[in-house]
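Here is how the chains run, residue by residue.
There are 2 protein chains.
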Amino acid sequence: MLSEFLLSEMNRLGSQDALPLHRQLYEALRRAMLDGKLGAGERLSSSRDLAQDLGLSRNTVVAAINQLSVEGYLVSRVGSGTFVNDNVPRVNPASAARPHLRGAPTVAPSRLSARGLALSTTFCATQLEVQPFTPGIADFSAFPLTLWQRLQNKHWRMTYPDMLDYNDSGGYAPLRRAIADYLRVFRSVQLDADQVIVTTGTQQSLELCARLLADHGDTVWVEDPAYWGAVKAFMATGLAIHPVPVDDEGICPSAADNAQPPRLIYVTPSHQYPTGAVMSLPRRHQLLSTARAHGAWVLEDDYDSEYRFSGPPISSLEGLDTDGRVLYMGTFSKVLYPGIKLGYLVVPKPLVAAFKQAHYDLNRPGQMPMQAALAEFIEMGHFSSALRRARQSYGERRQALLEALKPVLAPGTEGPAISGAEQGLHLCLRLPAAVDDAALAQRIAQQGLTVRPLSAYCLARKDLRGLVIGYGYAPLSDIKRCGPVLSAAVRSLKKT
Amino acid sequence: MLSEFLLSEMNRLGSQDALPLHRQLYEALRRAMLDGKLGAGERLSSSRDLAQDLGLSRNTVVAAINQLSVEGYLVSRVGSGTFVNDNVPRVNPASAARPHLRGAPTVAPSRLSARGLALSTTFCATQLEVQPFTPGIADFSAFPLTLWQRLQNKHWRMTYPDMLDYNDSGGYAPLRRAIADYLRVFRSVQLDADQVIVTTGTQQSLELCARLLADHGDTVWVEDPAYWGAVKAFMATGLAIHPVPVDDEGICPSAADNAQPPRLIYVTPSHQYPTGAVMSLPRRHQLLSTARAHGAWVLEDDYDSEYRFSGPPISSLEGLDTDGRVLYMGTFSKVLYPGIKLGYLVVPKPLVAAFKQAHYDLNRPGQMPMQAALAEFIEMGHFSSALRRARQSYGERRQALLEALKPVLAPGTEGPAISGAEQGLHLCLRLPAAVDDAALAQRIAQQGLTVRPLSAYCLARKDLRGLVIGYGYAPLSDIKRCGPVLSAAVRSLKKT
Chain W
1 MLSEFLLSEM NRLGSQDALP LHRQLYEALR RAMLDGKLGA GERLSSSRDL AQDLGLSRNT
61 VVAAINQLSV EGYLVSRVGS GTFVNDNVPR VNPASAARPH LRGAPTVAPS RLSARGLALS
121 TTFCATQLEV QPFTPGIADF SAFPLTLWQR LQNKHWRMTY PDMLDYNDSG GYAPLRRAIA
181 DYLRVFRSVQ LDADQVIVTT GTQQSLELCA RLLADHGDTV WVEDPAYWGA VKAFMATGLA
241 IHPVPVDDEG ICPSAADNAQ PPRLIYVTPS HQYPTGAVMS LPRRHQLLST ARAHGAWVLE
301 DDYDSEYRFS GPPISSLEGL DTDGRVLYMG TFSKVLYPGI KLGYLVVPKP LVAAFKQAHY
361 DLNRPGQMPM QAALAEFIEM GHFSSALRRA RQSYGERRQA LLEALKPVLA PGTEGPAISG
421 AEQGLHLCLR LPAAVDDAAL AQRIAQQGLT VRPLSAYCLA RKDLRGLVIG YGYAPLSDIK
481 RCGPVLSAAV RSLKKT
Chain Z
1 MLSEFLLSEM NRLGSQDALP LHRQLYEALR RAMLDGKLGA GERLSSSRDL AQDLGLSRNT
61 VVAAINQLSV EGYLVSRVGS GTFVNDNVPR VNPASAARPH LRGAPTVAPS RLSARGLALS
121 TTFCATQLEV QPFTPGIADF SAFPLTLWQR LQNKHWRMTY PDMLDYNDSG GYAPLRRAIA
181 DYLRVFRSVQ LDADQVIVTT GTQQSLELCA RLLADHGDTV WVEDPAYWGA VKAFMATGLA
241 IHPVPVDDEG ICPSAADNAQ PPRLIYVTPS HQYPTGAVMS LPRRHQLLST ARAHGAWVLE
301 DDYDSEYRFS GPPISSLEGL DTDGRVLYMG TFSKVLYPGI KLGYLVVPKP LVAAFKQAHY
361 DLNRPGQMPM QAALAEFIEM GHFSSALRRA RQSYGERRQA LLEALKPVLA PGTEGPAISG
421 AEQGLHLCLR LPAAVDDAAL AQRIAQQGLT VRPLSAYCLA RKDLRGLVIG YGYAPLSDIK
481 RCGPVLSAAV RSLKKT
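One line per chain: the protein sequences are W and Z, in this order. Take the first sequence: its letters are residues 1 to 496, numbered as in the UniProt record's numbering. Take the second sequence: its letters are residues 1 to 496, numbered as in the UniProt record's numbering.
Only chain W is shown next, with the shape it has when bound in the complex (with noise of 0.2 Å):
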């Protein structure tokens, strides 16, 4: 019955749009779920069964599943098969249906589209609450609030009616020159102001280089396991994202991946997130030259690079490349406080004009006075202050919690390890493979702690299992208190 169903709806795609054939199957089975023929939880037939009922090729089955695996409406459970996602919702039938496509006006009202219910339903960042050891998460009650609030004041004294306007320069040009200075020092990032822009964060960064950079169905390469937010994006840009293995050395395409060419490639080299995987020195120049035979656009995101506790200080990927085509961005939500808006992006000369224009007119960037305020900060040397504070107080939470984890890690290459402690707010304890990570995170939340399944980040992969922990956000007297909680959950899955 659900293949007959697909069938017909592959053919209505297939006579309407001039699909490809594992596009159509994709639309169908979404539709499928969506209309409920395919339930919340329920199991699908396995790819062969599916190719076979369908008299499709097997290929053509799988690139449709894994695309809703990406896209996060279908689960793979090792040992067990694939199964439809439990928050795919239910959308009833008769709104469901699209009658513009057809042409066939109804009294029904429409609700979200495809991309809409995607966008809203999968890679949630508020899935889980913030607690202890939730990964991602800055302490910003250390920020000088104080120190802040005189500087706003003092720059809302000073404003004049062009503050206040939106800015068509990039940003403020003070701000632009200090971030330079920052970059240029401390992250070996070869720039001028002139190619800063400032932006609202990450995100927006993100977006701009896909909405600039890729057309709609390019593909983007990322990095499996992920950084949701970036999925994100580009599911929101429309492209066509392709997950390509981190190994300990970081972003590890294959000769499978190369025939997957990419427009944009998306990496976090420095400190890559999740598994905090360093990007080595030989493959930072062969990603570089990977790049360079596809024509492809390198999108570096150092979310967190300010913090750096142990081994060698890595430069960014940008200061290697020697043909302009390494997109660099950074943050102040990390350093500062979430809620600031303010991030930025390097961009190679050539496209400096262009990316200022749409910028402006996309997104019409202000927030000038606090900008001066930031650039003040930083000038002043209170940036440089308030990250030497918080390195030196995360850096003790971070000793704190390798300390409570100690007792859990096993020498061998199967036992508990962890990966990525170097940098950041985060670390990730890798577990042996046959542990349920999503069920230990889950008995560990009902302690009132919140650590992330390194299984939660995959795209495509199926042999990753840890958990990740963040450091950033608790306290360190909340670190000791809840070090030995997080490592005796850890150290009970032996025993079962």
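Just to be clear, a hint being listed does not mean it is correct.
No copy is singled out in the list; a pair is fine if it fits within one copy or between any two copies.
[Unchecked claim] With a Cα cut of at most 25 Å, we get these calculated SDA-like pairs of lysine to any residue:
#, residue 1, residue 2
1, 154, 143
2, 349, 114
3, 480, 161
4, 37, 75
Keep in mind the hints are simulated off the structure, nothing from the lab.
We have chain W; now place chain Z onto it with these hints.
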């Protein structure tokens, strides 16, 4: 030679992507322009000749040309044909090659995508300087900065850590309540505070609607002539823009328009931008029933409803909506100041959860202390006072402009006439169809004044000529001083 190039491009496109013919021709023509095979300013053969040369139906050719005109690649000049827009940049052929589409790696760095090129070169808001009479700009020099600074200070002092974080509830609750109260009373919008989503302004509101309610390639009806910012938001979100003519009673879809059923309908009913037409009540009911028949959503942009000078007060289209298909949006940039980057979107109840979730994940909203200051600014009546003062001041400017234009008005249906002066910060001086309004605007610009030719806002239609004249930006003395210069320039038309 051109037709050979077009045919070979179409052949290539047809073989790989299964695009419809008019889309293949669209792509081939665009490529010809970017590669310089069709130079800037060059005249295109007539659609009849092109159809014959390429062996295509004339409808196919017309569809491709219309799309390129809407996107700004082509411009039509009355009586002389269709030309390549002067600002279409030529792209280095080597770098424009998109090797990844064909899977053939190359060393040439790629450049902007087709989407990026369109977004950074068409409908750009910065093409003209801001001077007296520039439309779309308010005078924020009168904004009570000291009071605003005091309120911000107060809320920064009261700030608790959550206020520094991102916000996932659609905005600061007291601000959402204040907006809801204002809209209920002054705009007859039917809503609870829960339906209000605080955005960074109309661009973000439009993109959120386009992404959540429409899929790539879906049709959006846009008023012709149109607000550039909306066109850009829809281009950026991959919608097919279908222009629908506006008459004195607002948007006026024909049977031909209904044959292009929309997923979204974007309107500015209380003061059409830029003609200033007020949508009549029968037309409002008609539009809602058309939307119902197509299962479409209506996006109501009420961008300057705060300033109404004459005629009966007009309530929102949303207020007439009985089945929850209108999304209503407004902005604080015209009453406070543009750089504040705060606006609002009111969504029907069934959409609230999905919109808030996606808004959080895609945009990571922040700036809570500023939202708190704004909430108090409204609650304490400062917003109303600022509005009252501004209304008085703009009213005087409007009066001075109307006085200055009086001598050029002709009583006949063909002579210069004013439309849209009842509301907002601009009016439209309609001119006979034979006038070259772009040339007139350029002559006026040489005298240090900026007005925009009405034809520049037209998407597909060729019958509108006029000047869009703003009275929001320049002080009364400037309007009085420059008004006669403006009217002299218009009067000089009759002599030539």
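Which hints, by number, does the structure contradict? none
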